[in-house]
Amino acid sequence: MIGDIRKQAIRSAESLAGLAVITVFFVVMSPTYRQWATLTDILEQSMELAILAAGTTLVLISGGLDLSVGSVMALCTCIVGCLLSGASGEPMMHAAPAVAVTLGAGLGVGLVNGVVIKYTGVPAFIVTLGMMMIARGAALMLAAGRNMSDFSDGFLLLGDSSGYAAPLWITAGVIVVVGCLLTMTRFGFNVYAIGGNEEVARLSGVPVKLHSIACYAIGGFCAALAAIVQTSRFEFAKPNRGESWELMAIGAVVIGGTSLFGGSGGVGRTVIGVLIIKSLQTGLSHMGVGSYWQKILIGVVIILAVWIDRVQSRRRKT
Amino acid sequence: MTRYASLVLAMVAMLAMFAGCGKDPDGGQKVVFVGYSSTNTFWITLKNSARKTAEQAGLDFADMTSSEPDVVAQKAAIDNAIRMGVAGLIIGPANSEGLGKSLDKARAAGIPVVTVDTRVEHDWISSHVATDNAAAAELAGDYIVEKLRGKGKVLIIGGTVGVQTADDRRNGVFNKCKAAGMTVLDFDANWKDDEANRIAQEQLAAHGDIGAIFAACDPMILGAKVAVKRKGLLGKVLLVGFDAIPEALAAIKKGELDATVRQDPVRMGREGVELMSGILEGKTDIPKSIAIKAVIVDKTNVDEYIK
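From first to last, the protein sequence lines are chains F and A. Per numbering that gives the first Met the number 0, the first sequence starts with residue 0, numbered consecutively. Per numbering that gives the first Met the number 0, the second sequence starts with residue 0, numbered consecutively.
FYI, nobody ran anything at the bench for these hints, they're computed from the structure. Incorrect hints may have been included.
[Claimed, not checked] Okay, derived cross-link-like pairs now, DSBU-like style, lysine-lysine, Cα gap no bigger than 35 Å in a straight line:
1. 282(A) - 294(F)
2. 230(A) - 253(A)
3. 294(F) - 230(A)
4. 230(A) - 117(F)
[What the hints assert, rightly or not] What follows is a set of in silico ranges between Cβ atoms, one per label pair, in the way DEER data are often shown:
5. 103(A) - 99(F): 47 to 55 Å
6. 103(A) - 86(F): 54 to 62 Å
7. 225(A) - 309(F): 56 to 64 Å
8. 99(F) - 298(A): 55 to 63 Å
9. 185(A) - 91(F): 20 to 28 Å
10. 208(A) - 151(F): 54 to 62 Å
11. 292(F) - 292(A): 36 to 44 Å
12. 228(A) - 125(F): 28 to 36 Å
13. 196(F) - 225(A): 49 to 57 Å
14. 120(A) - 89(F): 21 to 29 Å
Just so you know, these numbers come straight off a predicted model, no measurement behind them. For glycine and all other residues, C-beta sits at the position ideal for the given N, C-alpha and C.
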């Protein structure tokens, strides 16, 4: 077990080196980047993506894929927005039960995804693609004509209202929990096994279906949590949240070093992947490079990361 | 280690391409523009006009509009600009809410902010330039009532509910039509043309007596027009948009669109920068807000506005 953590740490060092190089590059090239405050900016912009990507890491390691998490974010934003909106009279619920319901909704969507994928044999790509549209449609329906803002102070504490404290602690908490799940529990060990070779895992007695479904459920839960933190930070809900975030999350996970094909990786690396993406965006902004180039560059980096992963995983198999 | 060595080398090679990118400040103060959309003609016109005015005023203009038209991405762009320590910020808010904390940061950094097009309630905003959307929408409402002689149903396709611009435009038309005793079908398409197309298609199928469709921006009315054309109702349903983008003006000339409300993005961009320039020079007589009058453009006067 300790050996596993050490192995994870060593592999994380590789992605950390990548992040270090990028940071040094921008510190050299851009005078305005060279402030400690830039680091806080990057952290602030990374939090919700990191929460989402933690769930994505779990799903990818198990050999699965979830394209719906961005839309699930939108749906959960609208659920919590709807329940807590004070714009047209008293909110429907207090903050705590509303948050619980929303987390349950995210978990539930993840469960549905997992069950459909594991029991019908329809590929994960298709199932979660369909769910992506279902969730987006449901979010738009909930939002139609509603003014979802004016939240209670209690709920706003989850956002920045107390400084960056709450979102940062929540993000750190999610990363630690998912990390521990992966490295310190039987469940985690099994998830790696399933991702590595599902048939062999099944034959070895690993409850494949149950574990896979649990991964999707946790992924959905993370999407809900990311949405809640974001809604609290921005103080209003809109159904257009999370667009393309599932792709950004997958991008962060693969840039960080987790294999797209399952069986290896870790959430620490995902955090570095998120920081790499956000550092690239922020650094390029400071250098005066527009948002179009930023998108192109990040896309190129994602392709390179997966390409190198394929080359390495072929090398591992021979 | 080889995996990361190659990836990192490739990234540095790409980043090196941008090494020459930091625009050399030619001594002018840096003013950053963060608009709503980087692809919408209205916003591109606004930005180009702003850039031209800034260059004439000797300011260093940079466009940091995000490629996503949403408040989350916009906030990141604004925060980055504040961190870069720019002299002034011109913002075209993606939403009337959500930018409060960033505006607080601007205040803490002493960076003046001018808003264009959509109003945000915040005491740090030095000045605001926008079309008087409410008055403009009333012009559109009067036009519809007059052309339909007070008869028939009116389909309103609004923008994003809760955004000042969207609300003003929708309310202006809504109130005028209601006052004339007309039935109004009220929908929102979040400024999206494909959404508007869908709504128009469904409503035309559900109601046989729609006399006019008003959309709160031109891309949406052009989307609705496609649905109207498909049903063979072109010419039978009055189509009125908002923004007077070139595509809309061309459609009016062609006879496929009846009217649009002309904002003045050129003037908006220019005034926004002139206000900022005045603020940076330390002028004290800066107006808190400039409301630009709009005008209805239809077949009778479209030639004046087509370039």
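The hints, checked one at a time:
1. The hinted pair formed by residue 282(A) and residue 294(F) fails the criterion: a straight-line CA distance of about 39 Å is larger than 35 Å.
2. About 18 Å separates the Cα atoms of residue 230(A) and residue 253(A), which keeps this hinted pair within 35 Å; it holds.
3. For the given pair, residue 294(F) sits about 39 Å from residue 230(A) by alpha-carbon distance, which is inconsistent with the 35 Å threshold.
4. Restraint check for residue 230(A) and residue 117(F): not satisfied, since their Cα atoms lie roughly 44 Å apart, outside the 35 Å limit.
5. Distance hint for residue 103(A) and residue 99(F): a CB-CB separation of about 31 Å, inconsistent with the stated range 47 to 55 Å.
6. Under the hint 54 to 62 Å, the C-beta atoms of residue 103(A) and residue 86(F), about 22 Å apart, miss the expected range.
7. For residue 225(A) and residue 309(F), the hinted distance range of 56 to 64 Å is not satisfied, since their beta carbons lie about 43 Å from each other.
8. For residue 99(F) and residue 298(A), the hinted distance range of 55 to 63 Å is satisfied, since their beta carbons lie about 58 Å from each other.
9. Here the CB-CB span from residue 185(A) to residue 91(F) is close to 24 Å, well matched to the stated 20 to 28 Å.
10. Taking 54 to 62 Å as the suggested C-beta distance range, the pair residue 208(A) and residue 151(F) does not conform, at roughly 45 Å.
11. Range check, residue 292(F) to residue 292(A): Cβ separation about 38 Å, and the 36 to 44 Å hint holds.
12. As the Cβ distance of residue 228(A) to residue 125(F) is approximately 34 Å, the hint placing it in 28 to 36 Å holds.
13. Under the hint 49 to 57 Å, the C-beta atoms of residue 196(F) and residue 225(A), about 51 Å apart, fit the expected range.
14. The beta-carbon spacing between residue 120(A) and residue 89(F), approximately 23 Å, falls within the hinted interval of 21 to 29 Å.
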